[in-house]
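Colleague: Spelled out from the first residue to the last, the chains are:
There are 2 protein chains.
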Amino acid sequence: MADVITTEYRLATEPALKSFVSTVLAKVGVAPEDAAIVADVLVAADLRGIESHGVARLESYYVNRIREGQLVAKPDVQTVRETPTSLLVDAGNGLGHPTAKRTMERILQKADTSGAAFGAVRNSNHYGIAGYYAMMALDRDTIGIASTNSVRYGAPTFGKDVLLGTNPLAFAIPAKNEPAFVLDFATTTVPKGKLEVYNRKEKKLNPGWAIDAQGNETLDPQVALKGALLPLGGYGTDNGGHKGYGLGLLVDILCGVLSGGASGNDLPLPSDPPLPGKISHFFAAFKIDGFRDPEQFKADMDTELRAFKDSQKAPGHDRIYVAGEVEYEKTLYNREHGVPVHVKVWSGLEKLAGELGIPFEIEK
Amino acid sequence: MADVITTEYRLATEPALKSFVSTVLAKVGVAPEDAAIVADVLVAADLRGIESHGVARLESYYVNRIREGQLVAKPDVQTVRETPTSLLVDAGNGLGHPTAKRTMERILQKADTSGAAFGAVRNSNHYGIAGYYAMMALDRDTIGIASTNSVRYGAPTFGKDVLLGTNPLAFAIPAKNEPAFVLDFATTTVPKGKLEVYNRKEKKLNPGWAIDAQGNETLDPQVALKGALLPLGGYGTDNGGHKGYGLGLLVDILCGVLSGGASGNDLPLPSDPPLPGKISHFFAAFKIDGFRDPEQFKADMDTELRAFKDSQKAPGHDRIYVAGEVEYEKTLYNREHGVPVHVKVWSGLEKLAGELGIPFEIEK
Numbered sequence: 010m011a012d013v014i015t016t017e018y019r020l021a022t023e024p025a026l027k028s029f030v031s032t033v034l035a036k037v038g039v040a041p042e043d044a045a046i047v048a049d050v051l052v053a054a055d056l057r058g059i060e061s062h063g064v065a066r067l068e069s070y071y072v073n074r075i076r077e078g079q080l081v082a083k084p085d086v087q088t089v090r091e092t093p094t095s096l097l098v099d100a101g102n103g104l105g106h107p108t109a110k111r112t113m114e115r116i117l118q119k120a121d122t123s124g125a126a127f128g129a130v131r132n133s134n135h136y137g138i139a140g141y142y143a144m145m146a147l148d149r150d151t152i153g154i155a156s157t158n159s160v161r162y163g164a165p166t167f168g169k170d171v172l173l174g175t176n177p178l179a180f181a182i183p184a185k186n187e188p189a190f191v192l193d194f195a196t197t198t199v200p201k202g203k204l205e206v207y208n209r210k211e212k213k214l215n216p217g218w219a220i221d222a223q224g225n226e227t228l229d230p231q232v233a234l235k236g237a238l239l240p241l242g243g244y245g246t247d248n249g250g251h252k253g254y255g256l257g258l259l260v261d262i263l264c265g266v267l268s269g270g271a272s273g274n275d276l277p278l279p280s281d282p283p284l285p286g287k288i289s290h291f292f293a294a295f296k297i298d299g300f301r302d303p304e305q306f307k308a309d310m311d312t313e314l315r316a317f318k319d320s321q322k323a324p325g326h327d328r329i330y331v332a333g334e335v336e337y338e339k340t341l342y343n344r345e346h347g348v349p350v351h352v353k354v355w356s357g358l359e360k361l362a363g364e365l366g367i368p369f370e371i372e373k
Numbered sequence: 010m011a012d013v014i015t016t017e018y019r020l021a022t023e024p025a026l027k028s029f030v031s032t033v034l035a036k037v038g039v040a041p042e043d044a045a046i047v048a049d050v051l052v053a054a055d056l057r058g059i060e061s062h063g064v065a066r067l068e069s070y071y072v073n074r075i076r077e078g079q080l081v082a083k084p085d086v087q088t089v090r091e092t093p094t095s096l097l098v099d100a101g102n103g104l105g106h107p108t109a110k111r112t113m114e115r116i117l118q119k120a121d122t123s124g125a126a127f128g129a130v131r132n133s134n135h136y137g138i139a140g141y142y143a144m145m146a147l148d149r150d151t152i153g154i155a156s157t158n159s160v161r162y163g164a165p166t167f168g169k170d171v172l173l174g175t176n177p178l179a180f181a182i183p184a185k186n187e188p189a190f191v192l193d194f195a196t197t198t199v200p201k202g203k204l205e206v207y208n209r210k211e212k213k214l215n216p217g218w219a220i221d222a223q224g225n226e227t228l229d230p231q232v233a234l235k236g237a238l239l240p241l242g243g244y245g246t247d248n249g250g251h252k253g254y255g256l257g258l259l260v261d262i263l264c265g266v267l268s269g270g271a272s273g274n275d276l277p278l279p280s281d282p283p284l285p286g287k288i289s290h291f292f293a294a295f296k297i298d299g300f301r302d303p304e305q306f307k308a309d310m311d312t313e314l315r316a317f318k319d320s321q322k323a324p325g326h327d328r329i330y331v332a333g334e335v336e337y338e339k340t341l342y343n344r345e346h347g348v349p350v351h352v353k354v355w356s357g358l359e360k361l362a363g364e365l366g367i368p369f370e371i372e373k
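Listed in order, the protein sequences are those of chains U and C.
10 is the number of the first residue of the first sequence in this note's numbering; add one for each residue after it.
10 is the number of the first residue of the second sequence in this note's numbering; add one for each residue after it.
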């Protein structure tokens, strides 16, 4: 994994980076306990190697929107409906992370008591990586599920309107000695950022990634940036694009419709001015001991995961990973060596520190 | 949809076809109430246009295995563990459909009472279409989920061993005036049968469908038939193949590991002699009124589904479907015009009727 740590990155210590993020958010009016949660979720993404959802977004997604009054620093979070196995929360147009984390915490408590519970949050904002919330189940012998809808980037199968977010789905299932199974994936084939990278590098896209504004598949990143992302499975139905489209719509329903929040046409487009409070989340948890002794289950999980990891490799490959393993190993590595922060992001944070008059001492 | 009804098909009446399937199964020792459930599930698949999971499999998957003593006609079905929100059932190596249907029925009753419930079945067999069980939730203002692992056909990302079934996932969510959202999809890009069809027609496969026995991607169907299917998203990770692999493994865990049944290496390969009782299923259900008034939710579902259906079409396409809509319309059409049964399947059923000495009067 040394290839990740190039000269383009500087290394921060985990506690200092978290503390910096917390201080920034507190400075713009976020309650300290909320700011700490956001910091934990963002830095978890950077530790896991998911830069696009880490501290790189601190200013544009969170700080600026709070400063511009689009997002409420101290929101009025309300429980809308609650039963022993369900929970619906209104995030009051606050930061997504604190309400999402507290909602998943309550869902896990409900699952502890009732065995199973589902939850949703509406009137929220970008909450970072879905996997963070699903993984909260892992040390409780519980299976966790988390999802969120998002700003729209994708088109439905045989459509051309931009209607679907990247709409990630995350599942976390504990094992015994093996790292947990943590599947956290966008239901589009690639994220929008990938088109931007290919555009900068003047590289052709792969088939199955994007369409132009007329709805035809395109390999030209510049054209694709004016079009839409394709769902997992690609264009049309031949390679299963309708399955990815179905999963994306499923997420929009479970998050947006089930919560009574925004969905479909009411979600923001990237070209819109920020429309905060339009994002919704979905969570679920159920206890393993409703089925089996958790220790036996986790031992069997080890056997299952090893069956895949120890199976024969395709030519040119020396490892088979299971979901979440790459991110787990990156986390261990980055905890030891420092959290990699891209030099451009680093200078942005430094500038922000200057503007807000707070110390910037994050370097490892 | 008239293209489905070619001269290669003959049309059966739905009640006569169901009654025929029931009679066949009863004749080989299946209890009449179990036989009726199998008939209902198989004919539902044919009505929905999913021939591969319909009456075409009656003899090879069910009747022959019972006659050869591999599958128990009158199984000893046992509840292994039960809580107000969970249920684990051992199917006693019987037909998958009756135990799956009764387990989902009990899960729905638990969800009625508790709000949410999860279930699993082990020591079972092929249960037909996963969507059937998820759809049982639809008239109860409940969201239904069903899944099953299967005989192995697919390889993990960067692997070459055949380790994963087609492992379908199904979600059913009710709407008001629109047909319900019913997403039921295999987590491989294509089913094995598609390779066989392409082999017969001497057509090249699409990229992303299959690998050869060495683990290299191949477009040659004959070579692919000795290799493995690729997960949704195709070869490697560039087009999201790791996402489909993750979903396939998720299904194997939720079905096989959670139930304490067979999973991974212990699942049958197509080349194995039938290894019945190795298949496991997973179910979940949760009530909409834990979140919102179901009538408001269903009205909002109509708005959501229409947003996609009414959006602009890509060139050359005049409809955008939502998941389950094609199958819903086929069901309406086939109920009116007759259930299409391929002529080869038809003669097989006729021959079976002769062997078992039962009447064969199914023609519309």
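Everything labelled a hint here was simulated from the structure, so no lab data went into it.
Watch out, some of these pointers could steer you wrong.
Repeated chains share a single entry, so a pair holds when one copy, or any two copies, can fit it.
[What the hints assert, rightly or not] Computed cross-link-like contacts, PhoX-like style, restricted to lysine-lysine with a CA-CA straight-line distance of at most 25 Å:
#1 Lys353 / Lys373
#2 Lys210 / Lys83
#3 Lys203 / Lys353
Colleague: I'd like to know which numbered hints this structure contradicts. Please list them from smallest to largest.
Modeller: Hint check: 2 fails alone, others pass.
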